[in-house]
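Number of protein chains: 2
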Amino acid sequence: MLFKQVYQYIVGKIERNEWQAGEKLPSIRLLAEELGVHRLTVFKAYQLLKENGKALVKEKSGYYVKDAQQSCHALDPDLEAAPPTVLGEFKNNLSEIQAVPVAYQFSQALIDPNLLPNLFLSEYVKKVFDIYPKLMGSYSPVQGDIELRELLCRYIAHKHKAQLKLNEILITSGATQAIDLIARLYIRPLDAILVERPTYSGALDVFRIHGARLIPVEISIDGYDLEQVEALMKQHRPRFFYMNPTFHNPTGYTVPSAQRKLLVELAERYRCILVEDDAFHEMYFDTPPPPPLFTYDTEGWVLYIRSFSKYVAPGLRICAIICRQSVMGPLVTVKSLADNGTPLVNQKIFLHYFQSDRMQQHLKKLRIALQVRRDIMEAELHERTNWEWVRPKGGLNLWLKLPDTFPVETLLQACFQHSISFVPGTICDPLQQMKPWIRLNYSFINEEKLREGIRKLTDISRQFEA
Amino acid sequence: MLFKQVYQYIVGKIERNEWQAGEKLPSIRLLAEELGVHRLTVFKAYQLLKENGKALVKEKSGYYVKDAQQSCHALDPDLEAAPPTVLGEFKNNLSEIQAVPVAYQFSQALIDPNLLPNLFLSEYVKKVFDIYPKLMGSYSPVQGDIELRELLCRYIAHKHKAQLKLNEILITSGATQAIDLIARLYIRPLDAILVERPTYSGALDVFRIHGARLIPVEISIDGYDLEQVEALMKQHRPRFFYMNPTFHNPTGYTVPSAQRKLLVELAERYRCILVEDDAFHEMYFDTPPPPPLFTYDTEGWVLYIRSFSKYVAPGLRICAIICRQSVMGPLVTVKSLADNGTPLVNQKIFLHYFQSDRMQQHLKKLRIALQVRRDIMEAELHERTNWEWVRPKGGLNLWLKLPDTFPVETLLQACFQHSISFVPGTICDPLQQMKPWIRLNYSFINEEKLREGIRKLTDISRQFEA
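Keeping their order, the protein sequence lines are chains A and B.
Following this note's numbering, the residues of the first sequence are numbered contiguously, the last one being 466.
Following this note's numbering, the residues of the second sequence are numbered contiguously, the last one being 466.
In short, the hints are calculated from the structure, not lab data.
Incorrect hints may appear among the rest.
Which copy? The list can't say, so a pair holds if one copy fits it or any two copies do.
To be verified - Under the rule of at most 25 Å between Cα atoms (straight-line distance), these lysine to any residue pairs were calculated in the SDA-like manner: (1) Lys435 <-> Asp67; (2) Lys401 <-> Arg197; (3) Lys134 <-> Ala99; (4) Lys13 <-> Lys24; (5) Lys165 <-> Asp404; (6) Lys4 <-> Glu34; (7) Lys4 <-> Leu166; (8) Lys134 <-> Leu363; (9) Lys13 <-> Glu34; (10) Lys134 <-> Glu447; (11) Lys127 <-> Leu351; (12) Lys435 <-> Glu380; (13) Lys393 <-> Thr458; (14) Lys134 <-> Ile368; (15) Lys449 <-> Ser138.
Keep in mind the model is a prediction, meaning the values are calculated, not measured.
Between the sequences and the hints, there should be enough to build the whole structure, so can you do that?
This is the structure:
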C-alpha cells in the first residue's frame, strides 16, 4: 500500500497549501526519484488523487491540484462537517474484526479468562491495597514503578542470564503501546522499515499510520533468509526490523538460535535496530524457546518488547521495553508525552502476583490447557478439511493455508453471520496478498465451543469450495 | 521555538536523502515562503544546522548539505552508537522538573493522596472484584467500557443538560493521552494551532513533538480578546485552538459565559476545532463555573477533554473525550493503534466509586481542604513577598509575577538544592518568554509542609532580589 502513503504525502502538501490549487504537480518521474519509490507507485497515487477529486489531469500536460473546496466535498460527502484528520485511509484492520461481537472467537490472540486463577487474583488484589493504602492517589514514575523494574531485572537475570540496569526497563501499557512508542521515535514519513511476511497485523497498521514504507522479509520454519535480510538492509537502509522471532505471530515459527546471533551482527553492521517483539516466550508446549536476540546484543541495537501480562492478567496490560540507556532517554520522553506513565495500580497488582509461587503453578497448567486446545483444533481441522499448516510448538495461533483460489473474504463475512470470527491472512501480509491464508486462535474459547466453532466454520467453508 | 521545527524539517529531508550531501539548500527567502514562516526563522534554523555540523556555508553562495557521516558525529559524540531518533531537541519540560524528587512539591498539579478517602476506596475495590471476578482477564472495548460510558452520559445529561450518545464518549488513560490522540489526529508538521499564553506546559510539548507551529492567544482575567482570536483564525487557518477555559492552568482564570458561545461560533465560521481541556471543573471554591463550551456546540467543532480521576482517584488515570460521531471514528482508530484501549480494571473501579454517594461527600470536603491550602499559601506569600497574583476561584495553582528582572531559572536550581520544586513560567509560555512568572501548586502537600516550603522558598528568593 505504498501508493497510499505517497497519496497521503501529497494530500498533506495540498492541505498545508505548499502545493496550491491550480498548481502543476511534479512529474511522475521527478516525484518517484525524490521519494525513492517506483514510478508506478506515484502513478497509482495520482490516480487516487484524481478519483478523490483532489487533482485533475490536463491532456499532454500532467496533473494539477484541484480547488480545495471542491475536493473536500468530493472526498466524503457524508462527513462534510467533520474536520479533516491526518488519518486518511489508514485504519486498524485487526481491531475492526475483533470489534464484531461473536460467540466463536477465533480472531483474538488472548487467553480465555476462565484459564486464569481469577479467584486467587481477586484475593491478591485485596492484599495489594492493604500494602499500599494510597495506591489510588499515587502516580507512577514515567519510566515505571521502581519495585516492578527491580523485579524484572532479577527475573531477566535469572531467566536469560542478562544483567540489566534499572533504567534499561520501561513499563508500557501493553505491547501495542510499546510498538507505537518505538514507531513514534524512529519513523519519519516514507522511512523504510523491515517487517516479516506475514506478521502481526496490528503492528503493520501502527507503522502505516506513521508513514513507514514496509519492506517484507519472508519468514519460514527455518527462520529468515539472512542473505535476503542483509541485501534489504544494504539497499533500503531501514530504520528498524520489526520481528517476532519466538512462536511467531501468526505462523508459530521460531527463528533458530544460530540465526539470532548473526542477526544482531547484521543489525550492528548496517545500523538497523532490531525491534524484537516477544509476546509468547512463556507459552511453549515442548521445550522452552532459545534466548531472545537481545541477550546477544552488546551495542544497543536491539529493543526488546516483552509482554508479561498476556498470560498473567491480560486486563492489567503490563508490558516492558528493554533497551540500552542511550535509547531509553528519548523513549521515556515519548512515553511521558503519550500518557505520563502507566497507572501505578496496574503495576503494583502485577508485581505482587508475578512474584508469587502461584504464578509458576498457574503457568504450568496454562501450557497444558493451551496444548489441549491446540490439539483439539488440529484434530477437528484434520478430519474435516484438506487445509495445510505447521504444528505450532508454542503461542496461541494456527496459521492455515486454504486451497489457492479460496474466497477467504467471503468466508469471513459468512462466518460473521454465524457468529464466528477469524483473521484473514491478507491483513497479516505487508503486501496484502496472502489471500488463501487464515489465522485461527485456539486460546480464547473452551474445548467444547472450540469444537463446535470449527465444525460450523468448516461447514460454512464447504459452500465456497471449487 | 519555531526555528527548531524548521530545523527538524530540514534534518528529516537530509536523513531521508531527499536533500543529499553536497547539495545546495533552498535560499532562505524561498524556504521561508514555502513553509509560510519568517525569513529570520529559517536563518536561525540554518545557523543551527551549521552549528550541528549538518550544513556548511560557502561565502556568497549559500548553505550546503554536509557529508552525512561527518554531521552524525558532530551532533552528539557521546551517543555515537545510539540510533538517531525523530525526537531531535524536543522534550517534556514539565516531566523533567517533576522527576526531581523533592520534599516540598509545588510543581505537581496533583491532589494530595491524603485528601482522598483511601481506606474507603480500597474497600470499594474489593467489592468491584467480587462483582467482576474475571476482571483481570478481560479487555475493554477500544472506545471504553460500555457501563462507564453509560454512566458518563447520564452524568453529563444531569450536570450540563447535554444529551450524549454512547459512542460520543471515548475513555482515555489520563488527559495527556487525550491531548496526544487529538494532536496525532490533526497535526501535520508545520500546521498552525492556537494555544493560550500561558498554558499547560505538557500540552505545548506534545504539540511540539508533532511539529505544530504554536500561535499564542493571550488569556486574561476577562478571557480572550475575541478580535485577536478571529484575526488569528483568519490569518493562520489553525487546525485547532487548544484551550483550558475553566480555572485555567496555570492562571486560574475562567473564560466568561458570554465569550463561550461566541467562541463556538468563531470555530464554526473558520472551521477551527476547539479542543476544550477541562481538568478542574469540579474544583471550584465559591460558585460552580459556567457550562463547558461543548454544550454550545451543535456542529461538532468542540472536542471536550474531561478529566475525572484527578479528584476521584488520580492513580486510575481515567479521562474522557467527548465529541461528535463523525470525529469519533478516526479517534477510536488512533486510540486502538496507541494502546488498544484503556485497561478495564481501571474503568470498573472508577465506575463504581464515581457513582457512590461517598464520592459527592468527598468532593465537598475536598473543595474546602483545597481552599484552606490556597489561603495558607496566599497568606504566607502576602506576608513575605511583593509578588503579584490574582486569587484563583478554583483549580490547583497560583500564578505569580515576580519582580521583572528576577532570575527565576537560578531560583529553581537553588530550590532543587533545598528539596523544593515549582514550575517556571517560561515553560508555560509558547514563546518561552514569560521569565518573571512562576506557578505554585497548593494541592499536593499538607498545610504544615506548605507553610514551611513557602517560607524556605521565599527565604531562598531573597538572595536573588536586586
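Verification of the hints:
1. Lys435 <-> Asp67: neither (39 Å within a copy, 45 Å between copies)
2. Lys401 <-> Arg197: Intra 14 Å, inter 59 Å, cutoff 25 Å: intra-copy only.
3. Lys134 <-> Ala99: For Lys134 and Ala99, the Cα distance is within 25 Å only across copies (20 Å; inside one copy 35 Å).
4. Lys13 <-> Lys24: For Lys13 and Lys24, both the intra-copy (13 Å) and inter-copy (22 Å) Cα distances are at most 25 Å.
5. Lys165 <-> Asp404: neither (50 Å within a copy, 45 Å between copies)
6. Lys4 <-> Glu34: both (16 Å within a copy, 24 Å between copies)
7. Lys4 <-> Leu166: Classified as neither: same-chain Cα gap 42 Å, cross-chain 32 Å, threshold 25 Å.
8. Lys134 <-> Leu363: Between copies, since 17 Å is at most 25 Å while 31 Å is not.
9. Lys13 <-> Glu34: both (14 Å within a copy, 10 Å between copies)
10. Lys134 <-> Glu447: between (42 Å within a copy, 19 Å between copies)
11. Lys127 <-> Leu351: both (12 Å within a copy, 21 Å between copies)
12. Lys435 <-> Glu380: Within one copy, since 23 Å is at most 25 Å while 72 Å is not.
13. Lys393 <-> Thr458: within (24 Å within a copy, 66 Å between copies)
14. Lys134 <-> Ile368: between (39 Å within a copy, 21 Å between copies)
15. Lys449 <-> Ser138: between (42 Å within a copy, 18 Å between copies)
Comparing the model with each earlier hint shows violations of hints 1, 5 and 7; every other hint is respected.
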